[in-house]
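*Asks:* Can you make the complete structure from the sequences, with help from the hints?
Protein chains: 2
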Amino acid sequence: MQAIQIINKNDKNTLEIGTVPDPELSDSDIQVKIAATAVNRADLLQRTGNYPPPKGASEILGLEMAGVVKKTGSEVTKWEPGDRVFGLLAGGGYAEYCTIHEDMAMEIPENLSFEEAAAIPETFLTAFQALEWLGKLQEQETVLIHAAGSGVGTSAIQLAHQIYDARIIATAGKQHKLDTARDLGADFAYNYKKQNYAEEIISDIGNDSVNVVVDFIGKPYWHKNIEVLAMDGRVVYLSFLGGHKVEEMSLIPILRKRLSIMGSTLRNRSEQYKIDLTKDFAQKTLSLFKTGSLSPVVDSIFDWSETETAHQRMKNNKNTGKIILTGM
Amino acid sequence: MQAIQIINKNDKNTLEIGTVPDPELSDSDIQVKIAATAVNRADLLQRTGNYPPPKGASEILGLEMAGVVKKTGSEVTKWEPGDRVFGLLAGGGYAEYCTIHEDMAMEIPENLSFEEAAAIPETFLTAFQALEWLGKLQEQETVLIHAAGSGVGTSAIQLAHQIYDARIIATAGKQHKLDTARDLGADFAYNYKKQNYAEEIISDIGNDSVNVVVDFIGKPYWHKNIEVLAMDGRVVYLSFLGGHKVEEMSLIPILRKRLSIMGSTLRNRSEQYKIDLTKDFAQKTLSLFKTGSLSPVVDSIFDWSETETAHQRMKNNKNTGKIILTGM
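Top line first, the protein sequences correspond to chains A and B. Heads up: the first sequence begins at 8 in this note's numbering, then just goes up one per residue. Heads up: the second sequence begins at 8 in this note's numbering, then just goes up one per residue.
No lab work stands behind these hints: they were computed from the structure. One or more hints might be untrue.
Pairs involving identical chains hold if they fit within one copy or between any two copies, as the list cannot separate such chains.
[What the hints assert, rightly or not] Pairs of lysine-lysine residues, derived as DSSO-like cross-links and limited to a Cα-Cα distance of at most 27 angstroms, are as follows:
#1 Lys226 - Lys264
#2 Lys286 - Lys264
#3 Lys264 - Lys62
#4 Lys19 - Lys85
#5 Lys252 - Lys322
#6 Lys200 - Lys143
#7 Lys291 - Lys226
#8 Lys78 - Lys16
#9 Lys291 - Lys62
#10 Lys78 - Lys62
#11 Lys77 - Lys322
#12 Lys143 - Lys291
#13 Lys40 - Lys297
#14 Lys85 - Lys143
#15 Lys143 - Lys16
*Replies:* Structure (C-alpha cells):
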C-alpha cells in the first residue's frame, strides 16, 4: 500500500509518499480503507525522532482515522465490509489502509463526512477521559477548562455542556477563542492575558467553587487552580505547555479541600483501556453527534500529498480545530 | 448523664466529669451505653479550642466507642437493646451515653472485648478509606506505608496484608516499630533516620515499583514518594507531620507516570459518606477480626477519671497503639 514515510528522522526530515507492506490483520482486527486522518502535535514530534511510537504500534504517523471496512479478521462479529468506521490508532493513519481491533472502531453517524469523523477521536476521547474517567465530573458541577480554543478544549466544553449540563468556565488568550468557547456552551470565558482568572472566578461565582479543572498549562496556573477548587476538587493535567516547575507548593489545600491531582496521556494506555474508553464514549456520545448537539471542529482539509503544508499550519499555530488529511 | 467536660477551652484547660443532658435520639439512631472509648490526637487539639467539632456534632470529646444498645429510635431495624456495638462518632465518646445512626454502628465480634472494639474505628476506617476508597489498592500491588508504628500505620499494614495480599513496605524511626511492622505483615521495613527509603526500595524492588503510598509526613517525603511510584501510582495524604511546603516540584512525573495525588480526612466527611464507608469496611473486615487475622493494637487502658493521664501519655508520644478509656 501507499503510506507517508519519514525520510531522515531528525530535524531535517522530510515526508514522502512511498510503498510499504499492508498492515497485518489479526483475528480480532478489521482492515480499513482510510478516507481521512487528522494531524496531531504528536506527529510533528514523532517525525523528528523525539516521540517514538509505543511498543507494538505502527511506525507510520497518524493517531486517528475514518474510512470503510475492507476485510474482517476471523473472530470479528461487529463489522462487515462496507461499514463506515472511525477510531483511535496507536499509529498508522497516514496510509491507504490500517488495521484496528474491532472494539476500537466506532460507527460513523450518517450525518458526518469522513473528514468530520476523522476529526473526533483524539480530541474527544482525550476530553472524555479527562472529564468522565479521571475528573468524574457530575451533573451540574462547575468545570474550568484551560486552552479553551484547542482541539481538546473545544471538545471538553461541548462534552461538559451536553453530557453533564455543567457550569463551564473557559480560559484562552484570544477573543475569537473565547467567543467560540461561549458559542459551544461556556458560561464564563476569561482572557488569561488580560485577567487573573482566579480573581474573576471568585468574584463571579465565589470561593472554592470549581469541582474539576482540565489543565494543559501547568506551572503558571498551579496556584490559581488550587485557589479556586472546591472541596473534593479534581485537577486533570494533560500537558504542561507553560512549564512544569512549581516553586513553593503547599500541600495543605490537598488535605483541607480533599483534592485529587491527576495526570494522563491517552497514547501510552493499554489497548484494553482504549477499548473500554471507546465503548463508554460511543455509548454516551454517538447519539449526540447524530443530532448535531456535539460536532467536531474542522479547521482545514488537505490532500495527503500536501501533508508538509498541513504540518506547517499546525506548527505555526494557525489552526482552530482539526487539520484533516484526505485523498489516500 | 455523666460526661467529661472541658473547663476553660484554651491552653490552660482542664477536664472534669460533670452532668450534662442525655444526647437526643432521632428516629434512625440508637442510644448506646458506652463501655469504652479511645483517645485521638484530635481530642488533644479540641480541648485547647484549636480543632472545633464539625457542625452538628457533639461538643463532647471522643471520636469512637464500643458499648451496648440501650434504646432504639422508631425507624431502627438492625438493632435491639442489649446488642454489642462499636463505631465512629463525630464527637461524644467521653460520656456515659451516645447516639449514633443505626448504619454507623457495627456488631462487635464475639472474640473482642469492648476495650479492643473501641480501638478499631478511627485507625482502621482511616486506613481502609486510604487503601480501598482513595488508593484503590489492588490484589498483590505494592504499597508504601509511612509512620508504620502509628495507629493508622499498623492498621494499614494489617489491611494491606490480609485483604489485598499486598507487597508491603513500611517506614518508621524506631527499631521496635519496624519489628512490629514486620510482625503485622510488612515485607520491607526501613528506618528513615538511617536509610534513604527511596534508594532502598529501588535497590530491593526496582525502579517505579510502588503502586500506592499512604503518607502522613508530607514535605520531606514528597520527592522520594514521586521517585518510587509506578505508572498509575497513587499517593494518599492523611496529614503533614513533617511540614507542608515543597520547594521546586516538577509536575512532569504526574503526567509521565499518570499519578494521582490525593488528600483526605475522615472527620469532616458527610454522615452518608461515613455510613457507606462503615458498611463497606464491616463487610470486608469483620470476619477477619473474628478469626484474629486482623486485631486492634491496644497500648493501655485507663479509667476515665484518669483521662488527663491518658492524654499526657499521647502528648508525650509514649503509646504504641490505642489508649483506651473505660469505666463510664
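*Asks:* Take the hints in turn and mark each one as holding or not.
*Replies:* Hints versus structure:
Taking the shortest Cα distances, Lys226 and Lys264 sit within 27 angstroms of each other both inside one copy (20 angstroms) and across copies (18 angstroms). In the homo-oligomer, the alpha carbons of Lys286 and Lys264 lie at most 27 angstroms apart only across protomers (24 angstroms), although the nearest pairing inside one protomer, at 33 angstroms, exceeds that limit. In the homo-oligomer, the alpha carbons of Lys264 and Lys62 lie at most 27 angstroms apart only across protomers (17 angstroms), although the nearest pairing inside one protomer, at 39 angstroms, exceeds that limit. In this assembly of identical chains, the alpha carbons of Lys19 and Lys85 never lie at most 27 angstroms apart, being 43 angstroms within a copy and 75 angstroms across copies at closest.
Taking the closest pair of Cα atoms, Lys252 and Lys322 come within 27 angstroms of each other only inside a single copy of the chain (24 angstroms); across copies the shortest separation is 38 angstroms, beyond that limit. Neither within a single protomer nor between protomers do Lys200 and Lys143 lie at most 27 angstroms apart by alpha-carbon distance, with minima of 29 angstroms and 40 angstroms respectively. In this assembly of identical chains, Lys291 and Lys226 lie within 27 angstroms of each other by CA distance neither inside one copy nor across copies; the values are 33 angstroms within and 41 angstroms between. Proximity of Lys78 to Lys16 under the C-alpha cut-off of 27 angstroms is found in neither arrangement, the shortest distances being 32 angstroms within a copy and 78 angstroms between copies.
When the C-alpha separation of Lys291 and Lys62 is checked against a cutoff of 27 angstroms, the pair qualifies neither within a copy, at 30 angstroms, nor between copies, at 39 angstroms. For the homomeric pair Lys78 and Lys62, the shortest alpha-carbon distance inside one copy (25 angstroms) is at most 27 angstroms, but the shortest distance between copies (65 angstroms) is not. In this homomeric assembly, Lys77 and Lys322 never come within 27 angstroms of each other (Cα to Cα): the closest approach is 34 angstroms inside a single copy and 74 angstroms across copies. Both within a single protomer and between protomers do Lys143 and Lys291 lie at most 27 angstroms apart by alpha-carbon distance, with minima of 14 angstroms and 25 angstroms respectively.
For the identical chains of this complex, Lys40 and Lys297 are intra-copy neighbours only, at 23 angstroms inside a copy versus 62 angstroms across copies, given an alpha-carbon limit of 27 angstroms. Taking identical chains as interchangeable, the C-alpha atoms of Lys85 and Lys143 are never at most 27 angstroms apart, the minima being 29 angstroms within one chain and 34 angstroms between chains. In this assembly of identical chains, Lys143 and Lys16 lie within 27 angstroms of each other by CA distance neither inside one copy nor across copies; the values are 40 angstroms within and 42 angstroms between.
In terms of the numbered hints stated before, the structure departs from hints 4, 6, 7, 8, 9, 11, 14 and 15, listed from lowest to highest.
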